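S.K.: What follows is the residue order along each chain.
2 protein chains.
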Amino acid sequence: MKKHYLMTPGPTQVPEASLLAQARPIVHHRSPAYTELLLETLDGLKYVFQTKRDIMLFASSGTGAMESAVANLFSPGDRVLVASTGNFGERWIKICKAYQLDVIAIEYEWGQRLNPADIESWLKKDSSIKGVFITHAETSTGVVNEVKKVAEITSRSSAVLIVDAVSGLGACELRMDEWGIDVVVSGSQKALMTPPGLAFAAVSERAWELVESSTSPRFYFDYRAYKKALEKPSPQNPYTPAICTIMALGESLRMIREEGIENVWERHRILAKATREGIKALGLKLFSPDDELCNAVTAVNVPEGIDGATIVKAVREEHGVWLAGGQGILKGKIFRIGHCGFYLPSDIILTLASLERSLLKLGFQLEPGSSLVAAQKVFIEEGL
Amino acid sequence: MKKHYLMTPGPTQVPEASLLAQARPIVHHRSPAYTELLLETLDGLKYVFQTKRDIMLFASSGTGAMESAVANLFSPGDRVLVASTGNFGERWIKICKAYQLDVIAIEYEWGQRLNPADIESWLKKDSSIKGVFITHAETSTGVVNEVKKVAEITSRSSAVLIVDAVSGLGACELRMDEWGIDVVVSGSQKALMTPPGLAFAAVSERAWELVESSTSPRFYFDYRAYKKALEKPSPQNPYTPAICTIMALGESLRMIREEGIENVWERHRILAKATREGIKALGLKLFSPDDELCNAVTAVNVPEGIDGATIVKAVREEHGVWLAGGQGILKGKIFRIGHCGFYLPSDIILTLASLERSLLKLGFQLEPGSSLVAAQKVFIEEGL
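Protein chains in written order, with my numbering: chain A, 228 to 611; chain B, 228 to 611.
If you're looking for bench data, these hints aren't it; they were derived computationally from the structure.
Every value quoted in this text rests on a predicted model; they were computed, and no experiment measured them.
Certain hints may be false.
Unchecked claim - In silico DSS-like pairs for lysine-lysine, Cα to Cα no more than 25 Å straight-line:
| id | chain 1 | residue 1 | chain 2 | residue 2 |
| --- | --- | --- | --- | --- |
| 1 | A | Lys-507 | A | Lys-454 |
| 2 | B | Lys-507 | B | Lys-540 |
| 3 | A | Lys-321 | B | Lys-459 |
| 4 | A | Lys-229 | A | Lys-540 |
| 5 | A | Lys-357 | A | Lys-324 |
| 6 | A | Lys-558 | B | Lys-540 |
| 7 | B | Lys-455 | A | Lys-455 |
| 8 | B | Lys-455 | A | Lys-324 |
| 9 | A | Lys-375 | A | Lys-357 |
| 10 | A | Lys-273 | A | Lys-454 |
| 11 | B | Lys-588 | A | Lys-558 |
| 12 | A | Lys-321 | B | Lys-455 |
Between the sequences and the hints, there should be enough to build the whole structure, so can you do that?
M.R.: Here it is as structure tokens:
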């Protein structure tokens with residue numbers, strides 16, 4: 228007998244109510260019932276994005292929404308700045324290059340956060356930079372970038388700021404309008420507690436001006452088509468939407484609203500803190516300094532002499548707990564515990580307990596239960 | 228009390244087993260279990276497409292897969308031919324223009340089929356044409372184009388043939404390899420009996436050569452990334468796939484395999500024939516000649532003095548049967564009955580019965596039960 232626990236940073240666990248919502252009778256996407264569902268869903272998303280701006284909802288992976296920002300705002304030859312802190316920062320660079328933009332790439336060592344001052348000095352010395360691309364929570368390394376500080380800088384410049392918040396949104400604080408972010412893109416399968424298959428882009432007025440002037444080819448992700456469809460007397464999507472997944476998202480957004488977004492962020496902060504304390508109690512090392520870590524995923528250095536993939540496989544096969552390995556250059560060197568979305572203290576406790584037992588079997592020395600005591604103390608202190 | 232019957236040409240009815248499959252525990256997309264699901268799904272799709280070629284599976288609407296063919300095969304300035312027979316033919320023109328291709332558009336009157344001889348004469352007089360775009364079943368008008376004849380022509384030329392089979396695939400005969408089609412694109416929400424959110428592109432060797440040389444910007448839909456991910460030791464998708472929808476598709480494909488694709492086509496032929504005979508028995512007129520109609524959807528002329536939208540609304544509100552109105556220039560002039568996918572004689576009978584009662588209420592003269600008798604005779608004669 229085995230139970231499975233998805234502790235990966237995407238896809239993440241989906242509440243039963245949301246999973247089952249997918250099995251409800253399909254409503255036709257050109258009907259009043261769908262318009263009602265769509266508007267309610269967009270309202271819920273606006274709450275999570277903390278924005279009053281238009282949100283485009285695509286049937287796509289998060290990467291599609293990333294591409295949408297590049298294709299809709301810029302034209303070949305436009306100069307843009309990408310501050311990359313890992314795998315998903317590199318994805319911005321690749322997409323921008325695919326669209327023949329003139330890319331200035333600041334590539335930080337994986338595990339480091341970006342330095343807002345670097346962006347400020349680039350924008351000061353080169354006024355031709357039309358856009359800045361950054362990552363909110365860098366899933367590949369577990370760090371969270373200082374989006375607010377970067378937004379303060381870009382708001383004072385003529386460059387728009389585009390933030391990949393695929394894994395950060397709903398786990399780590401993000402206030403699109405208040406902070407002055409121009410485009411935020413995200414996906415359904417992380418802290419939004421919904422199956423994969425939906426992606427979103429929220430677009431500021433300043434960014435819309437670029438959309439109107441961009442000459443890059445685009446069709447499926449063309450923001451103008453989505454805006455036009457939303458402005459119809461019965462708002463809808465331009466192309467057949469992923470109706471069942473949207474019904475699931477509707478349920479999950481209702482749960483987020485009920486808990487309150489600040490409480491959701493706070494819960495993630497405590498889950499992440501407990502995870503880190505548990506990891507440290509085992510004598511393992513976090514991949515990045517405590518105060519630079521995001522609350523969506525915890526990246527842990529693999530101890531000497533053990534391969535990262537072995538740990539991930541052991542915990543999965545022995546205890547049904549799904550962790551993630553390292554991506555790209557970090558393959559085999561770190562493992563990652565996801566806790567963004569539908570997670571509670573018990574999920575962290577059982578994950579640490581499983582990890583402890585598997586590590587012992589792999590010959591790693593540790594004090595049995597030590598990670599549980601450490602995590603438990605955090606939960607009790609923080610009152611979660 | 229009301230029961231709802233989705234009789235629209237997409238989304239279509241989804242079998243309970245497929246709807247519920249979406250609620251199964253999510254498997255991580257970088258796991259052996261997902262690789263197994265993906266390979267089985269691609270095998271099932273290959274069977275439906277009647278191909279041995281690579282199939283790319285996207286989280287997207289069908290329109291995304293249409294765009295993928297344009298973006299992956301052609302470069303700005305390339306000359307292509309689009310034979311358009313309705314709304315979805317026009318979509319090919321729009322996408323090709325968005326990608327700055329040099330588009331020759333043959334636009335047939337809506338309701339007509341394309342004439343393969345027109346394509347032949349264009350290809351003969353202009354050898355610079357690199358690709359031909361057509362629509363298999365044109366959902367907006369209900370006609371089916373002679374794809375086989377067009378493929379015979381393009382196979383003898385240097386131009387590749389790209390077929391939009393979003394609504395035709397699985398409802399009307401299509402044999403990609405045997406007929407010599409280069410690219411077939413489709414979606415999950417029509418005859419594949421699956422919720423919307425997945426789209427597919429099958430690509431021939433000849434088309435792959437164009438993929439390698441195309442300079443059009445693309446990232447999310449870049450075929451090369453999907454091919455590379457499929458060639459890994461554990462085949463996967465490059466970006467997080469719509470896992471739950473793929474689980475639903477897996478169920479539906481199993482049902483199609485079990486019935487046998489020729490039997491599926493034959494069932495659609497009989498359902499369409501019975502629908503047409505029922506409509507004619509009411510004294511209503513089909514929008515196109517009988518022998519040019521596809522088996523996925525039946526388009527009916529709205530009788531004089533009644534607005535098409537009124538009929539659609541009445542049947543939906545009075546009997547819970549969802550028909551579709553006309554699109555684009557046909558708005559209000561036709562209504563459409565979808566029967567592609569998970570449909571059986573009882574669905575046609577109840578639809579005709581509901582339509583009869585609503586038409587009578589709207590003041591249309593008809594012989595009660597006449598459409599039912601006509602349809603019933605077809606089912607009995609054909610032994611369905």
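S.K.: Compare the structure with each hint and give your call.
M.R.: Cross-check of the supplied hints:
1. Taken as a hint, the Lys-507 of chain A and Lys-454 of chain A pair is broken in the structure, with Cα atoms around 48 Å apart against an allowance of 25 Å.
2. A threshold of 25 Å between alpha carbons decides the hint, and for Lys-507 of chain B with Lys-540 of chain B the separation of about 21 Å falls inside it, so the pair holds.
3. Of the pairs offered as hints, the one joining Lys-321 of chain A and Lys-459 of chain B holds, with about 20 Å between alpha carbons and a cut-off of 25 Å not exceeded.
4. Proposed proximity of Lys-229 of chain A and Lys-540 of chain A is supported: the alpha carbons are some 15 Å apart, at most 25 Å.
5. A hinted pair counts as satisfied when its Cα atoms are at most 25 Å apart, and Lys-357 of chain A with Lys-324 of chain A qualifies at roughly 15 Å.
6. Distance hint between Lys-558 of chain A and Lys-540 of chain B is unfulfilled; the C-alpha atoms sit about 57 Å from each other, more than 25 Å.
7. A hinted pair counts as satisfied when its Cα atoms are at most 25 Å apart, and Lys-455 of chain B with Lys-455 of chain A does not qualify at roughly 36 Å.
8. For a cut-off of 25 Å, the pair hint linking Lys-455 of chain B to Lys-324 of chain A stands: about 19 Å separates their Cα positions.
9. For the given pair, Lys-375 of chain A sits about 19 Å from Lys-357 of chain A by alpha-carbon distance, which is consistent with the 25 Å threshold.
10. Only pairs whose Cα atoms come within 25 Å are accepted, and Lys-273 of chain A paired with Lys-454 of chain A is accepted, the gap being roughly 15 Å.
11. Restraint check for Lys-588 of chain B and Lys-558 of chain A: the C-alpha separation of about 68 Å exceeds 25 Å, so the hint is violated.
12. For the proposed pair Lys-321 of chain A and Lys-455 of chain B, the alpha carbon gap of about 16 Å is at most 25 Å, so the pair holds.
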